[in-house]
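Asker: Assemble chain H onto chain Z, guided by the hints.
Going down the list, the sequences are from chains Z and H. Per this note's numbering, residue 1 is the first one in the first sequence, and the count goes up by one each step. Per this note's numbering, residue 1001 is the first one in the second sequence, and the count goes up by one each step.
Keep in mind that the hints are not guaranteed to be accurate.
Claimed, not checked - Facing chain H, a subset of chain Z residues (Cβ under 10 angstroms, in silico):
#	residue
1	N147
2	A148
3	L149
4	G151
5	G153
6	P154
7	G156
8	I161
9	V381
10	K409
Claimed, not checked - Here are the simulated distance ranges between beta carbons:
#	chain 1	residue 1	chain 2	residue 2	range
11	Z	N142	H	K1368	17 to 25 angstroms
12	Z	E49	H	K1368	38 to 46 angstroms
13	H	D1097	Z	P154	32 to 40 angstroms
14	Z	T216	H	D1337	33 to 41 angstroms
15	Z	I197	H	K1332	58 to 66 angstroms
16	Z	P154	H	K1368	26 to 34 angstroms
17	H	A1403	Z	A274	57 to 65 angstroms
18	H	K1285	Z	F281	23 to 31 angstroms
19	H	G1283	Z	A402	53 to 61 angstroms
20	H	G1371	Z	D276	54 to 62 angstroms
21	Z	P154	H	A1118	34 to 42 angstroms
FYI, nobody ran anything at the bench for these hints, they're computed from the structure. Virtual Cβ for every residue (Gly too), placed ideally from N, Cα, C.
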Amino acid sequence: MPIELKMPALSPTMEEGKLARWLVAVGDSVRAGDLLAEIETDKATMEVEADEDGTLSEVLVVEGTEGVKVGEVIALMASAGEASPAAERAEPKREMREPAPAAAPRAVQTSAAAATAQPIKPVALPSGGKATPLARRIAAANGIDLNALSGSGPSGKILKIDLGLPPVTPAIRAAAAPAVEPPIAYGPPPDVPHAVIELSSMRKTIARRLSEAKRTVPHFYLSIDCNLDPLLALRQQLNADLAETGVKLSVNDMLMKALAVALAEVPDANVQFAGDRLYRFERVDISMAVAVDGGLITPIIADAANKRLSVIAREAKDLAARAREGKLKPPEFQGGTVSISNLGMFGIKEMLPVINPPQGMILGVGAGEKRPYVINDELTVATVMTVTGSFDHRAIDGATGAQLMGVFKRLVEKPIAMLA
Amino acid sequence: MAEQSFDLAVLGAGPGGYVAAIRAAQLGLKTVVIEREHLGGICLNWGCIPTKALLRTSEIYHTLHHLDEFGLSAKEISYDPKKVVERSRKVAKQLSDGVKFLLRKNKVTVIDGAGKLAGKGRIAVAKDGKAVADVVAKHIIIATGARARSLPGLEADGKLVWTYKEAMVPPSIPKSLLVIGSGAIGIEFASFYRTMGAEVTVVEVLDRILPVEDEEVSAFAHKQFEKQGMKLLTSAKVTKLDKAKDSVTATIEQGGKTTKVTVERVISAVGITGNVEDIGLEGTKVKVEKSHIVVDEWLRTGEPNVYAIGDVVGAPWLAHKASHEGVICVEKIAGLDHVQPLNVLNVPGCTYCTPQVASVGLTEARAKEGGRKVKVGRFPYIGNGKAIALGEPEGFVKTVFDAETGELLGAHMVGAEVTELIQGFTIAKTLETTESELMETIFPHPTLSEMMHESVLDAYGRAVHI
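For reference, chain H alone in the conformation it holds in the complex:
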């Protein structure tokens, strides 16, 4: 087979890989991206995007049940699960086609197949067991992503016990559902299925749901989910799943007591494991620890000219982090000046449950570790005109500042549309503004964003509308 040579080969076309490839092409590198399944990766095909399509359905469905408040009425509200899933798949397809177009527009070569490192600067690509390409590249970026972790005894079977993948294309909405794990993925599905009418129980091994978020946010979300009728068991563990024909009985340990819950379906969302197998890492100096590739600040592995980005290098497992790492890695390869390593404290995180959760930087507890003095501001949705008008009076915006320097250490939000607001604080953090620039910024009225302003003002005892 004729070998094809490139400046850069990217293994995997998820949000890390395809963005890295496009950036490389912009910088004049002859680039190839090798993808075994879908352009756009899990994010676009089985993650971020199709779940947002599903959650939009549940949001509208929820609003339909509260029409009276807005002076509207509707009869015989119902849904067709097949159509709901179809829309979600259509959205994913449209965006995947978009990635294909973008890669073509940027003259990135796309090879359909599974790539495997095959000696220095070489990747062998096979499709259905047949060799399809022999790629030679000066630089190689591994962007193979991650998949759902499976715990012994709680393995997904795709029928009764689902991972995110099956949960995304349900043939029908189960009457009852157990979600194991209350991170972003678990909580989003719990929220979707609860709104669509399922009885949902969430089991979290740590002492609170959404454990990476600020404690106040976790507590607030907990209360809201309970109000919606969700059952939340924290400091609890599923020890066993007994499968019947069309149901599962879970054994749950909590506080020394054992209970049994019988549900139609189980979703396992207990974490992520890196896709490090079958990509030819054996015999290279690429180091793998706890199923993730070890890299330095410039995403270099132990093997010269081999890099890794995104989920395969570890937490936070977020599409935008993967994309950003792709850009850093490629710009460094191209020798650009002023490339900054990723600062994980400037990576925002969003969870699209109801209410939405969004945050960036340190939680109040982490900021205070070691005796640092902080100033904390809070502003509730109930004090915001737009929130009231929208009929969304639940939620708050919290900001944490370093009392000495005025550095914005963290921002934590829960409530309607916070996922669209958090970038304001992310920009502030990236530009290293202090409280004073944020106070001087004019926020438009009436918007939810005014709460961000008020929260900053509150941290310094200057909030106006509270």
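Next comes chain Z alone, as it looks inside the complex:
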């Protein structure tokens, strides 16, 4: 009997993923623990290991296939010692997914012999099937991009209700439905040479989530200038003391700590809007934006208010490094109660970040630069940094946001307080 290799669930919430790459070919013998394939979820790439010894006899899902459901059989393996598994196999149990044009070569191998001859080519499969027929039809009629939505139905299916159109109760229907801005996909300008870059899963997720944020979350922005010199001085002192341990605190580590302590002091800003209720969190989990190849990802420093700076520094370094390698596990980047994004290293003076939904706020950090600064009515020069908080006005009011920014500034300018 061939062993069925199934699409693994790489996190508790994973429903499907992209089979990014096969690391073994048909005919290869495999030992338990060998890496078989790379699976890409919306944010991470992970490797799948073999559970048993055997020979890969047939690949059922070719590399590059997106939307492979968890539990779907992706390949067959002959157990060690079994002679000719492919020949014994009866009719394929599984319905093959057929790419639309007949011309597209099927890259599925049917026997071990043929395997070595033909290279496996990725076949792009059309997306869709993730929405009910009714939702698909209404979305098409209203110009709604289904890829920008997440479904609330069984297995994440997009239902009519997920389209966000007003309910079709007779009374309400009389009022005209608000026009939904159709996301227009413009073609390239004529005669301009260009490359076409297919969106990665990450790019699609960024596009979907940030469109959702800007479309549905009423943002407001509060900027404040902070004198960074006290914090820089403390950092230097701490780093000198920590030198032996190999830990080096970055300014960003200290700003994360300051934000976390400030949120612990102003918990009304550590909230999430959820329709008919708010969630006010009793712990501050900071999602830190990390630029990676092809996008960005927000690994989480959990309970940052209660962590020592050296712990934050070590975790942040490790998370950022693994983020760049695409090796984060979903629980490490899914969740978080607020975000921080720092473009100071690029000399950006001020940034107004987009909220990372469903969170209630994000802090945008600009560069610390020497600026004329008034201290005790005296014009001096100080290292000044402009930070801007973007807030979800459904959950957080101006005064609360201002209070948070004030506490943050106080902590940055008297940083010893955040160590208390």
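Answerer: Using the frame of chain Z, we list chain H on its own:
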């Protein structure tokens, strides 16, 4: 008394409670169900199931009177009311035992007694006035169900004026019967007793029988019942019941006129009232409105970690709605993803009179409220091969679509076996199919289900067999 602790305690083992308990056990919650009377609740012991057993008898009895049509004959057709009731009780007993087995199989603890909330996360259980258990639970689901509503002056006495309970175990079939209320319960009993030979009068306060159904269905059923010899008085009201030794004289007001009808027995089926008394709701934040517990979309009451499901939270008072709410409630407690709140428009309703009535979603009139454009399809039993072969040429299938989107808004059926057919449309609604998937579906021939296909085709001007 030693306290017993659980993740979940369910108060009431009807179709809401026992299904919630089993689902909870499947999800790994340590679960107890507390039941004061019968496992399976009213549905299984005094409702859905035993009435279906009775109606099966009346259906066979009816067919026996029409044997000639099928080339058969029988002499001295008669019935023994005692045996008829005995069979009905046996069926109920068998299924109640089945529930007991299922609960045991799923390792759900069952406590026999009346439970009462006794402080935060605590239920005191008593049997015959004696405390029998002290239950502590993280979550509590109230699934205590409902009972027949009684109107002042028309109270049931169990002898001359019956509720469903007495009507289910008649010592004999009365010669004449007045049924007050033409909802599902009233009409099913009217249908049973009429077929068994009683003179039946039904009084309905609204302007049509089966008032929640589509108007065309009500009108069709009305005609069929009249053909069977039933008397139906709509926009009418029973104002008084005068009881004699073995008969009741009812005063009925209709269109400004007052008439009197004398019958052997009266069945009161004027609605449902929630069982909210004696379960310790006093002093909690559980809110009760019009005898029903107020809950949100996830069946949460005002009291943290106390939930309510089924008949006790209100209409539609249907066993399958209660079961489904139980599952939603428990899955939400267990933190499952993608739990959907109940969509009442996807809850089918079935009435087991002759002809049967089944429906799901909006009636044509409700769909049109507010100016929505609809497409309506109809297909009659007379155009269906299987219906003719069965000797059941009466009835129709009606479908209502949103003209703009092709959404199936409602389906309404009347005729033989429609209660077994409606789930096809319920699946279609739940999966949000449009007319096109329904048209593309292959319906087997020869079956009554072909009428469902034809009705959809008809809505778009494509019916084949009409």
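Asker: What are the numbers of the hints the structure violates, in ascending order?
Answerer: As far as the earlier hints go, 1, 2, 3, 9, 10, 12, 14, 15, 17, 19 and 20 are violated by this structure, in ascending order.
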